[in-house]
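Visitor: In case you want the letters, here they are:
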Amino acid sequence: MGPHHPSTHGVFRMMVTLDGETVVKLKPVFGYLHRNHEKIGENTTYLASMPYTDRLDYFCSMTNNWAYALAVEQLAGLPVPERAEYLRVILAELTRLLNHTCLAGFLLQDTGASGTPLMYAFREREKILDLFESLSGSRMMCNYQRFGGCRIDATPEWLAAARQLVNGYNAFLDEYEELITGNEILMARTQNVGVLSPALAVNAGITGPMLRASGVDYDLRKVDGYGYYPRFEFRIPLGDHGDTYDRYMVRMLEMRESIGILRQALDRIPEGPVMDPKAKIRGFKPKPGEHYGRIEGPKGEIGFYLISDGTANPYRYRVRPPSLINLTILEDLCLGHTLADAVIILGSIDIVLGEVDR
Amino acid sequence: MTMSDATRPAINAQTSAPLSGPTDADRDELRRHGILLTSIQELANWGRSNSVWPLQFGLACCAIEMIAASMARFDIARFGSEVFRPSPRQADLLIVSGTVTKKMAPQVIRLWNQMPEPKYCIAMGACAISGGPFKQGYNVLKGIDRFIPVDVYIPGCPPRPEALLNGLIELQKNIRGRHIAGPAPVEADSPTAPGEYPVPAFGERDLEPTSNPKLWQPPVIVRPDKP
Amino acid sequence: METLAQIHERLAARFPAATLTLVPNPAPPAQASLLLDAAHAREIAVFLRDDPALRLDYCSNVTGVDWPEKEIVETTRSVQIDPAGGPPRTIEQKTKRLQPGCLEVVYHLYSMALKHGPVIIRLRTGNRSDQITLPSLTPVWRSCEFQEREIFDLFGIVFTDHPDLRRLLMWDEFTAHPMRKDYVEPDDYEWEPTPHDDVLAKAKAHYPAPAAKAE
Amino acid sequence: MLGSGLIQGLAVTAKNFVKSFHDPARLVTVEYPEQKTKLPENYRNFPFLVYDGDQAIDGLRCVACKICEAECPPQCIYIIPDRDEKGRPTKKPKVFDLDISVCMSCQICVEVCPFDAIKMDQHFEIATAERFNALLLHREDLAKSDAYFHTLHPTEAAQVDAVLAEAKRRTEAKARPAAPAAVPATPTAPAAPAAKPPEPPPPAV
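Protein chains in written order, with my numbering: chain G, 1 to 358; chain S, 1001 to 1227; chain P, 2001 to 2215; chain F, 3001 to 3205.
I should point out that these hints are in silico values taken from the structure, not numbers from a laboratory. Wrong hints could be hidden among the right ones.
DSS-like, lysine-lysine: derived pairs with alpha carbons at most 25 Å apart [as the list claims (entries may be wrong)]:
1. P/LYS2181 - P/LYS2202
2. P/LYS2115 - G/LYS222
3. F/LYS3168 - F/LYS3091
4. S/LYS1119 - S/LYS1214
5. P/LYS2202 - S/LYS1214
6. P/LYS2181 - G/LYS287
7. F/LYS3094 - P/LYS2204
8. F/LYS3066 - F/LYS3168
9. F/LYS3168 - G/LYS285
10. G/LYS285 - P/LYS2070
11. F/LYS3036 - S/LYS1173
12. F/LYS3094 - F/LYS3066
13. S/LYS1119 - S/LYS1173
14. P/LYS2070 - S/LYS1214
15. F/LYS3091 - P/LYS2202
16. F/LYS3066 - G/LYS280
17. G/LYS127 - F/LYS3038
18. P/LYS2070 - P/LYS2096
19. F/LYS3015 - G/LYS127
20. F/LYS3174 - F/LYS3092
21. P/LYS2181 - G/LYS285
22. P/LYS2202 - F/LYS3066
23. F/LYS3091 - G/LYS127
24. G/LYS287 - P/LYS2070
Could you build the full structure based on these sequences and the hints that come with them?
Guide: In structure tokens, the structure reads:
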């Protein structure tokens, strides 16, 4: 199957051996979108890699930006102002909403509910993208975070618009769940399909909602407590069965928690600068050393491993792609299921090829 | 009105005299008098331009904007192009939406070969046009027009969905200006040609060949050394 | 969690035959790492995973690093007293030393059960040309599977006992290892209106020959 | 009851269908060529060069310092500084080319420019059938007036004006003790754009 693929997950190829319609062997083939992100990152300056991180996981440019900014800030020991940290939390949670909404749409598209759920999801996505656009200037490729803060301050009007969106989002989720969550066909197609055991999930390095759907309580927002997440109250939804339906439900519940975080953050955001006054745009050269910085992206743990040799370019620039590592267990999940189920399982893993292949 | 442009070397230059007929001004004048003048060519072009069915084919970031363009807000259906076909045999338009890597390029060309005539190609986004920001990469094809003819280029990274619609309008204009009879704009599209574009093979270091010289002849550009 | 130095001590006591080196890290968060020798890497990995105090059950990030051969110029100064009674002279002596290159794999380990980490372990190959085998840690942590394949593809490190060691990102016919520092990328700069530095040099190869221009 | 979830879902679809005829929240379609989305002030799509005054090329704020060229992540800017007959740099670009088939509108050139000479445009309707000539913009295509900049990004332009006015005041204060002719050729010399009569934005590229 693939790499030109009727399910809308990009250029991903699976070599499937079938017995009748049952999958007996499945080998994923990667590299159809290998854009040499890491090589380019080693040949350009630290700042110049920032717009490239937008294009890793092109649904979640804000969290990619944050992960990279966080890794560099920790490597160089830069402080970040309070307002910028709040803005980062707000934008990361908006990204989570955006990603999970779209994922639900694509997953349902894969089950055969073509059109309607995806249309509704994209209707909401446009509202979030409008927010991103009016803040950062671009719909998808935000390029918003900088080392030591954020590029532009959010205006009061922007914060009011964000609050309005957040207040209306629960109603949308209610409608969406009414549309699809109780749907018997969806249940029949997804329950007990692609069951992932907690032991295998941990050993295979699965992160993000996929891991939590298997019942493992591991969320970097709680574990590492990066940014200002320890200041917010939220719960981590966990699944019981680790099947495709749980993976869908965990994401729906995570969105409800994200709305809670957004409300708290929008209420408490302080006034102040968004950029550390000592941070400089040009001529940024961290001292020699290495660091691995990671955050909880919507798809899982996204991390950046940087080795600095004291020059303006990183000596080694590595992205830890959650999508690629979550695909490790694709074959295990698909064995014994039909080919049509393999497409749903792939959809529930939530991959973006820009990040898988980089 | 002629289709030859710099990206497409005029191969049949000696036979490319455009068909003469009433100009647009003539038609407007006649329409004002209540006479609707049409020809087979115009009718065919009208039909073709208003039912351009794209191939459901996403490569990278721009594919998301392409999907966004087909959704409610931008609604590509208003231009008759909402029918995204999963099979190249049913599609008229290949929207190359994203970075074409060297590993993916043979597949893209194969898909293009499988599409029936008449077919059109839009290079959407910087990566599809020239490799874009990733042009420095070793696995990135520096422009899909090295291997297949492109009708419309839409720069941007990624282009807004409106920009894609704008490109589609450009393509529709382009289609309306085409001739049914006469020479094909590209040699490989002409009835005598084999109709297939050569698919490069995977080499040890690069694709072999790295471009299709019949299609891709960039102008020579020489930069003086910097003082 | 124990500090890396404590882990180092325990490992040294447990595996007396293994060579373990603590690699310091001057960056502010000081994520130091432990360099293991390839022969004992698998046993130590299993120990790290199963030890009840550590339980590093989650291997997050696996990456390769290329350290090419480097010529290091060391300057030694010695003061020589003039036997004739003049003022002492300082003699600078420069010695060139070739630091051997190697390929390195870095594993970032965390514990999901105990929620601590990271513990960073590194493995190094003998050189960059013929001694490029390392033991695969995929049997210990499944998450290494694709990442080690990627390192095999981009750096050319051969992992023994890897279940499915093929190229991950590039096509199978490809022979080079592009993430190595000395990789030369293929030249396709026929149309390059805004060339700089390296690209300018490559684009110049496609400019018309000077003789043709003069005609 | 089996099927109740299905019916519930269909009811949502029906509700949306009916509402799509009268509820503005469900009527989201922008009829693009006739009707345009209002672009936010921060929207960015490809850079342009700001010029002061009426002369597009002579009034360019760009001093060909090549900082943006060095910092541009995809390396899509190409600058050759101009020189006068004696070979001295005139602090103007002779060639300023921008390859928009490569540019990714990341705005880093704007951020690093110390002279506020390069700013982000908002024009995106640039689909073309021509690649090699139409997508390589020269300084003539890139030069756009300060008034155009003011219409695109009023807030940013006001800040820039304040900075430039301050810089001008400082240079004048510094130059006053010296001879009047010895006004240094600062990059901000042709400043005071607020005093200029506003002119209509030039036709887009």
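Visitor: All the hints need checking, so say for each whether the structure fits it.
Guide: Hints versus structure:
1. P/LYS2181 - P/LYS2202: Roughly 18 Å between the alpha carbons, so the hint for P/LYS2181 and P/LYS2202 holds.
2. P/LYS2115 - G/LYS222: Answer holds: P/LYS2115 to G/LYS222 is near 10 Å, not above 25 Å.
3. F/LYS3168 - F/LYS3091: The hint holds at about 17 Å.
4. S/LYS1119 - S/LYS1214: 18 Å, holds
5. P/LYS2202 - S/LYS1214: Answer holds: P/LYS2202 to S/LYS1214 is near 23 Å, not above 25 Å.
6. P/LYS2181 - G/LYS287: Given that 25 Å is the threshold and the Cα spacing comes to 21 Å, the pair holds.
7. F/LYS3094 - P/LYS2204: With Cα atoms ~21 Å apart, F/LYS3094 and P/LYS2204 stay inside 25 Å; holds.
8. F/LYS3066 - F/LYS3168: 22 Å, holds
9. F/LYS3168 - G/LYS285: Between F/LYS3168 and G/LYS285 the Cα gap is close to 32 Å, so the pair fails against 25 Å, i.e. violated.
10. G/LYS285 - P/LYS2070: Roughly 22 Å separates the two Cα atoms, so the pair holds.
11. F/LYS3036 - S/LYS1173: Holds: F/LYS3036 and S/LYS1173 sit about 20 Å apart, inside 25 Å.
12. F/LYS3094 - F/LYS3066: Holds, at about 12 Å.
13. S/LYS1119 - S/LYS1173: 15 Å, holds
14. P/LYS2070 - S/LYS1214: Not OK: P/LYS2070 and S/LYS1214 at ~46 Å, beyond 25 Å, violated.
15. F/LYS3091 - P/LYS2202: 29 Å, violated
16. F/LYS3066 - G/LYS280: Holds - the C-alpha atoms of G/LYS280 and F/LYS3066 are around 18 Å apart, at most 25 Å.
17. G/LYS127 - F/LYS3038: Roughly 14 Å separates the two Cα atoms, so the pair holds.
18. P/LYS2070 - P/LYS2096: Distance of about 10 Å is within 25 Å: holds.
19. F/LYS3015 - G/LYS127: 20 Å, holds
20. F/LYS3174 - F/LYS3092: 24 Å, holds
21. P/LYS2181 - G/LYS285: Holds: P/LYS2181 and G/LYS285 sit about 20 Å apart, inside 25 Å.
22. P/LYS2202 - F/LYS3066: 21 Å, holds
23. F/LYS3091 - G/LYS127: Roughly 45 Å between the alpha carbons, so the hint for F/LYS3091 and G/LYS127 is violated.
24. G/LYS287 - P/LYS2070: The hint holds at about 20 Å.
Checked against the numbered hints listed earlier, the structure breaks hints 9, 14, 15 and 23; every other hint is satisfied.
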